[in-house]
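Protein sequences, first through last, are from chains A and B.
Under full-length UniProt numbering, the first residue of the first sequence is numbered 1, with each subsequent residue one higher.
Under full-length UniProt numbering, the first residue of the second sequence is numbered 1, with each subsequent residue one higher.
Derived from the structure by calculation, the hints contain no laboratory data.
Hints are supplied without guarantee of correctness; some may be wrong.
Some chain B residues flagged as far from chain A (calculated, every beta-carbon gap over 12 Å) [said to hold, decoys possible]:
1) Asp72
2) Ala137
3) Asp191
A few chain B residues facing chain A, derived, Cβ under 8 Å [to be verified]:
4) Arg38
5) Asn57
6) Pro89
Only pairs whose alpha carbons sit at most 30 Å apart, straight line, appear in this in silico BS3-like list of lysine-lysine [claimed, not checked]:
7) B/Lys37 with B/Lys105
8) A/Lys3 with A/Lys121
9) A/Lys146 with B/Lys37
10) A/Lys88 with A/Lys37
11) B/Lys166 with B/Lys196
12) A/Lys125 with B/Lys121
13) A/Lys166 with B/Lys146
14) B/Lys88 with A/Lys196
15) B/Lys105 with B/Lys121
16) A/Lys105 with A/Lys146
17) A/Lys146 with B/Lys105
18) A/Lys125 with B/Lys105
19) A/Lys105 with B/Lys196
20) A/Lys105 with B/Lys37
21) A/Lys37 with B/Lys105
22) B/Lys125 with B/Lys196
23) B/Lys105 with B/Lys3
24) B/Lys125 with A/Lys166
25) B/Lys146 with B/Lys166
Cβ atoms here follow ideal geometry from the backbone N, Cα and C, with glycine treated the same way.
Protein chains: 2
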Amino acid sequence: MLKLHHHPMSAASRFVRLVLGEYGERAELLQERTWEKRPEFLALNPAATLPVMIEDNGPPIVGATVVGEYLDETRGVFQRDRRLLPEKPIERAEVRRLTEWFLVKLDGEVTRYLVRERVLKLEMKPQEGGGSPDAAAIRAARANLKHHLRYLGWLAESRDWLAGTKLSYADLAAAAALSILDYLGEVPWDDEPAAKDWYMRVKSRPSFRPLLSERVRGLPPVHHYGELDF
Amino acid sequence: MLKLHHHPMSAASRFVRLVLGEYGERAELLQERTWEKRPEFLALNPAATLPVMIEDNGPPIVGATVVGEYLDETRGVFQRDRRLLPEKPIERAEVRRLTEWFLVKLDGEVTRYLVRERVLKLEMKPQEGGGSPDAAAIRAARANLKHHLRYLGWLAESRDWLAGTKLSYADLAAAAALSILDYLGEVPWDDEPAAKDWYMRVKSRPSFRPLLSERVRGLPPVHHYGELDF
Chain A
1 MLKLHHHPMS
11 AASRFVRLVL
21 GEYGERAELL
31 QERTWEKRPE
41 FLALNPAATL
51 PVMIEDNGPP
61 IVGATVVGEY
71 LDETRGVFQR
81 DRRLLPEKPI
91 ERAEVRRLTE
101 WFLVKLDGEV
111 TRYLVRERVL
121 KLEMKPQEGG
131 GSPDAAAIRA
141 ARANLKHHLR
151 YLGWLAESRD
161 WLAGTKLSYA
171 DLAAAAALSI
181 LDYLGEVPWD
191 DEPAAKDWYM
201 RVKSRPSFRP
211 LLSERVRGLP
221 PVHHYGELDF
Chain B
1 MLKLHHHPMS
11 AASRFVRLVL
21 GEYGERAELL
31 QERTWEKRPE
41 FLALNPAATL
51 PVMIEDNGPP
61 IVGATVVGEY
71 LDETRGVFQR
81 DRRLLPEKPI
91 ERAEVRRLTE
101 WFLVKLDGEV
111 TRYLVRERVL
121 KLEMKPQEGG
131 GSPDAAAIRA
141 ARANLKHHLR
151 YLGWLAESRD
161 WLAGTKLSYA
171 DLAAAAALSI
181 LDYLGEVPWD
191 DEPAAKDWYM
201 RVKSRPSFRP
211 LLSERVRGLP
221 PVHHYGELDF
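Required output: the full structure, derived from the provided sequences and hints.
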């Protein structure tokens with residue numbers, strides 16, 4: 001049995017949920033508010049980051065990249081054509097580069113700031129960092145998003161899927177992050193039609209359904225969030 | 001033939017050099033000053049980060065984690081007892097967690113700041129971010145280092161090597177970062193004797209020698225930096 005400590009506004013958590021969905025694996029989802037620094041959670045992961053996965057009460061598997069590799073080694077390897085990492089080392093390197101790009105770089109320049117300022121600060125107590133949103137941080141994140149969206153558009157235009165000819169971790173990582181930004185109405189899709197087409201293709205996969213029906217309390221998504229044709 | 005774009009003060013670059021050294025691989029080293037944003041380098045890696053490895057004029061392999069996985073798939077797998085990632089997925093997950101801890105978390109909280117403020121700013125032009133060191137950033141990084149050193153000491157006390165019973169990527173990642181901090185005289189080794197013992201064991205490996213003889217122009221290391229018994 002798999003348990004996944006996650007948060008609906010964590011792109012890294014959404015990435016793992018998509019991978020599990022693609023491989024037909026069920027997991028018990030445990031929502032974690034990392035800013036509360038629960039001692040039981042810190043004992044699982046002293047870095048206090050998400051996601052953390054546990055299989056059969058074993059030791060914690062910490063972080064999206066680490067969980068991704070674990071799932072490739074324990075599930076992906078048996079998936080043949082549906083495996084989300086290619087076979088060749090040099091092709092795997094490109095998938096991993098882009099997965100890191102969307103889960104680390106995009107997160108650190110865009111997603112994390114918009115989520116923090118627009119969502120989490122409303123839920124946090126003042127001593128946890130709560131309060132009114134920082135308009136300068138939001139502006140900076142939005143400016144960065146334009147560059148990232150242009151790169152995404154370029155990838156989507158020049159390849160079938162982001163890392164090559166097949167759906168891979170790179171697509172799920174990018175779509176995990178974009179789905180959060182889209183929930184918040186932050187994505188200027190019309191600027192990058194190829195990125196929009198690619199996102200519609202990923203979004204229509206059955207693995208995406210649970211994410212599209214999820215709601216943050218007090219913050220409904222933009223109207224097209226759950227629509228498969230927008 | 002392997003080419004490695006690196007910088008002597010980049011922990012992620014040092015990590016890859018140590019892995020190559022352990023596996024007896026030679027690489028042509030190309031020093032990159034990422035802050036200059038050379039167009040030829042940005043074409044290899046638009047994220048402008050180090051390291052970037054190239055094998056036989058193939059596509060770039062970007063980032064320490066991605067290079068580490070590539071080297072495991074193309075070299076480690078043939079190394080038997082000297083392989084730097086264990087065989088079992090759950091043990092690999094622990095090695096990967098710690099590798100990320102030292103190359104990402106420690107880097108983002110300590111190493112990157114001290115290197116930037118104490119070394120790179122002296123080399124950078126004003127328009128590249130050069131100038132006098134920021135004393136507040138240095139103080140914050142030093143405070144963070146104490147926590148990291150305590151965690152390292154705890155790992156070194158409770159296990160033979162940082163991730164278990166064998167030398168692994170986790171040890172090389174930690175030692176890569178610590179060697180830079182040690183060069184700068186930033187490590188209060190006497191606070192954590194178990195961490196010091198562990199570092200002496202890693203430091204005495206032949207793969208470490210090239211790092212210990214390297215010098216940053218105008219900034220000699222602390223006197224014990226190259227000594228194997230300090």
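Status of each hint after checking the structure:
With a cut of 12 Å on Cβ distances, B/Asp72 falls inside the contact zone with chain A, its closest approach being about 9 Å. Its beta-carbon lying about 18 Å from the closest one in chain A, B/Ala137 satisfies the requirement of being farther than 12 Å from that chain. Its beta-carbon lying about 19 Å from the closest one in chain A, B/Asp191 satisfies the requirement of being farther than 12 Å from that chain. Residue-level restraint check for B/Arg38 is violated (minimum Cβ-Cβ distance to chain A is 19 Å; threshold 8 Å).
Hint status for B/Asn57: violated, given a least beta-carbon distance of 12 Å to chain A, over 8 Å. Residue-level restraint check for B/Pro89 holds (minimum Cβ-Cβ distance to chain A is 4 Å; threshold 8 Å). With a C-alpha separation of about 24 Å, the suggested pairing of B/Lys37 with B/Lys105 holds against the 30 Å cut-off. Restraint check for A/Lys3 and A/Lys121: satisfied, since their Cα atoms lie roughly 27 Å apart, inside the 30 Å limit.
Between A/Lys146 and B/Lys37, the direct Cα distance comes to roughly 20 Å. Compliance with the 30 Å bound is thereby established for this hinted pair. Taken as a hint, the A/Lys88 and A/Lys37 pair is broken in the structure, with Cα atoms around 40 Å apart against an allowance of 30 Å. Taken as a hint, the B/Lys166 and B/Lys196 pair is honoured in the structure, with Cα atoms around 18 Å apart against an allowance of 30 Å. Straight-line distance between C-alpha atoms of A/Lys125 and B/Lys121 comes to about 38 Å, which puts the hinted pair past the 30 Å bound.
Taken as a hint, the A/Lys166 and B/Lys146 pair is broken in the structure, with Cα atoms around 45 Å apart against an allowance of 30 Å. Between the alpha carbons of B/Lys88 and A/Lys196 the distance comes to roughly 40 Å, so the proposed pair goes past 30 Å and is violated. Of the pairs offered as hints, the one joining B/Lys105 and B/Lys121 holds, with about 22 Å between alpha carbons and a cut-off of 30 Å not exceeded. For the proposed pair A/Lys105 and A/Lys146, the alpha carbon gap of about 14 Å is at most 30 Å, so the pair holds.
Distance hint between A/Lys146 and B/Lys105 is fulfilled; the C-alpha atoms sit about 27 Å from each other, no more than 30 Å. Restraint check: the Cα-Cα separation between A/Lys125 and B/Lys105 comes to about 25 Å, which is no more than 30 Å; the hinted pair holds. Only pairs whose Cα atoms come within 30 Å are accepted, and A/Lys105 paired with B/Lys196 is rejected, the gap being roughly 33 Å. Restraint check for A/Lys105 and B/Lys37: the C-alpha separation of about 17 Å stays at or below 30 Å, so the hint holds.
Distance hint between A/Lys37 and B/Lys105 is fulfilled; the C-alpha atoms sit about 17 Å from each other, no more than 30 Å. The straight-line distance between the Cα atoms of B/Lys125 and B/Lys196 is roughly 37 Å, outside the 30 Å bound, and the hint therefore fails. Our distance criterion of 30 Å between C-alpha atoms is met by B/Lys105 and B/Lys3, whose separation comes to about 27 Å. A hinted pair counts as satisfied when its Cα atoms are at most 30 Å apart, and B/Lys125 with A/Lys166 does not qualify at roughly 44 Å.
Restraint check for B/Lys146 and B/Lys166: the C-alpha separation of about 26 Å stays at or below 30 Å, so the hint holds.
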